[in-house]
Every structure is written in C-alpha cells, then in structure tokens.
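Under full-length UniProt numbering, the first residue of the sequence shown carries the number 1, and numbering increases by one thereafter.
Read the hints as simulated data drawn from the structure, not as lab findings.
If you're wondering where the values come from, they're calculated on a predicted model, not measured in any experiment.
Treat each hint with caution, since some may be false.
Stated by the list, open to error - Now the in silico label distances, taken between C-beta atoms and shown as ranges:
1) 219 x 61: 29 to 37 Å
2) 240 x 109: 35 to 43 Å
3) 7 x 121: 30 to 38 Å
4) 42 x 221: 34 to 42 Å
5) 60 x 237: 32 to 40 Å
6) 215 x 75: 36 to 44 Å
7) 72 x 218: 26 to 34 Å
C-beta: ideal position from N, C-alpha, C; glycine also.
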Amino acid sequence: MKIVRRSPEPFFYKGGKTGILLIHGFSGSPSELRPMGQYFIDKGYTVYAPLLAGHGKTAEEMVKTGWRDWWQSVLDAYERLQKEELDHLFVAGLSMGGALTLFLAAQKPVDGVISMCTPVWIKDRRLMFVDLVHYFYPFYTPKNRRKRDPEIESMMVPIDRTPLKCVASLKKFIRTQMRPSLSKVTVPALIVQSRQDETVEPESADYILEHISSEKKKLSWYENSCHIITLDKERGKLFQEVEHFIIENSMSIKGLA
Numbered sequence: 001m002k003i004v005r006r007s008p009e010p011f012f013y014k015g016g017k018t019g020i021l022l023i024h025g026f027s028g029s030p031s032e033l034r035p036m037g038q039y040f041i042d043k044g045y046t047v048y049a050p051l052l053a054g055h056g057k058t059a060e061e062m063v064k065t066g067w068r069d070w071w072q073s074v075l076d077a078y079e080r081l082q083k084e085e086l087d088h089l090f091v092a093g094l095s096m097g098g099a100l101t102l103f104l105a106a107q108k109p110v111d112g113v114i115s116m117c118t119p120v121w122i123k124d125r126r127l128m129f130v131d132l133v134h135y136f137y138p139f140y141t142p143k144n145r146r147k148r149d150p151e152i153e154s155m156m157v158p159i160d161r162t163p164l165k166c167v168a169s170l171k172k173f174i175r176t177q178m179r180p181s182l183s184k185v186t187v188p189a190l191i192v193q194s195r196q197d198e199t200v201e202p203e204s205a206d207y208i209l210e211h212i213s214s215e216k217k218k219l220s221w222y223e224n225s226c227h228i229i230t231l232d233k234e235r236g237k238l239f240q241e242v243e244h245f246i247i248e249n250s251m252s253i254k255g256l257a
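Could you build the full structure based on these sequences and the hints that come with them?
Encoded structure:
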C-alpha cells in the first residue's frame, strides 16, 4: 500500500500482528507522519494515524476544540486498534502527539511508547501569558513557521493560523494532565529529541526521562533535525531506531509477515 504523501487525512493499514499508533502534533495532521507510516507499512506492520479533533482544516474549526477533544480522538484510535486483535501495540507521537501518547501509556496497556520532540516547555516566550492574551488576540502565527525548511513545509498541511485558546488548552494539558501522569508510565520508552528544535525546549526530553517510571528507557538525541523530526534529514535514522525499539520490546515478531 502507498499512502498519499501530502494529505491531512488519517490513514490506516492492516498488516501483521504488531500495531503502531501514530499521533500527530498541535495544529498539524497525519501528513507529518506519512513517511514514518509508509516505512512501517512497507515492513508489514499494522499502522494507524488518526486526525485529531479540530485539526486538518481551518483555525476557525480548531478553535472549537481543546485538549479533551484531542484526547478523545486518541482514545477512539486506541479502541479501534484494540479491535484488530494485535499481539503487540506501540504508540508514537510527535510534539503534542508525544504528550498524548505518554498520557495514554500512563492509563492504557501498550507494549511501548515513543515520544518525539514532546513539549514540557515551549520556546516562544510570547506564549507566557496566553491564558489571558487569547481573549484579546484569538490567533497568531508561530515564529518557527516563518523559517521552516521549504522541503519540510512541502510535506505538511498545517493550519494557517494558530488559535491561542488552543495553545492555552495545550499548556493546561501538559501542566495538569501529562506531567503529573509521567510517573505512571512503566512500559519501555524511547524519548527522541532534536538538538535544533525551534519549538520545544530540548530540556523537556530530560524532564520526561527523569520522571517516567519505566525500567527500560532511553533518550536519543538528533543533532541535525528541527522540531518536525519525522520529516527532517535524519528521519531515516529515526525510523530505523524506532523499528529496533519495537522489535527489541516485542515478545515475538512472527506477526510481521
């Protein structure tokens, strides 16, 4: 199966008995995960990348949603894969998607979690007072979007403007839900962080590694990638590392025919 390279639509492929749930980032879409999804589809995995509520269309649609809606999208996707009767299920998320997958791993049975460029702290200092500012300035354009690599931009379908109300909701989710739940994450964990991340403070990865309770956990740094690490120049290395993590933490790979 070949998936469309640049599309905000969700994608699902029924492969073998090991499944991978891929969760995209804030104001993004499954398009930022399509090369990763294609890699694992070609390897014979069952792969599902849902579209989170409010995403993939317009800022006016997104502003109607908040973290509870995005979380429900993740739960619905998890339940869909549960019906596939898989032997193993791994969850991987980019940026906010990483925060949602860590939260999922703290509450639901999974075989491992992959967190990629997940925020504990956000770099853009303009967002420090977003809880108040969003009442007066409903939308803004992130600084990083104005300097993103053209090749990466060509593979994405981002929302043109970012609703500050949604940024406030994301920050609340990280502060009140994700961070307090990290100690409940006990499954094998691969924490991936790019050194040149223009959106997330790289120290977020150290915080996550320190606060999860997994006996088997690893922090892997990527020196030459930006925030959207799944589309950047080191993505091939990333996909191979994730695959190695999945194989290593699966009791059997006989379902990967």
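A quick look at each hint next to the structure:
no., hint, verdict
1, 219 x 61: 29 to 37 Å, "holds (36 Å)"
2, 240 x 109: 35 to 43 Å, "violated (26 Å)"
3, 7 x 121: 30 to 38 Å, "holds (31 Å)"
4, 42 x 221: 34 to 42 Å, "violated (27 Å)"
5, 60 x 237: 32 to 40 Å, "holds (38 Å)"
6, 215 x 75: 36 to 44 Å, "violated (26 Å)"
7, 72 x 218: 26 to 34 Å, "holds (30 Å)"
In summary, the structure is inconsistent with hints 2, 4 and 6 from the numbered list given earlier, while agreeing with the others.
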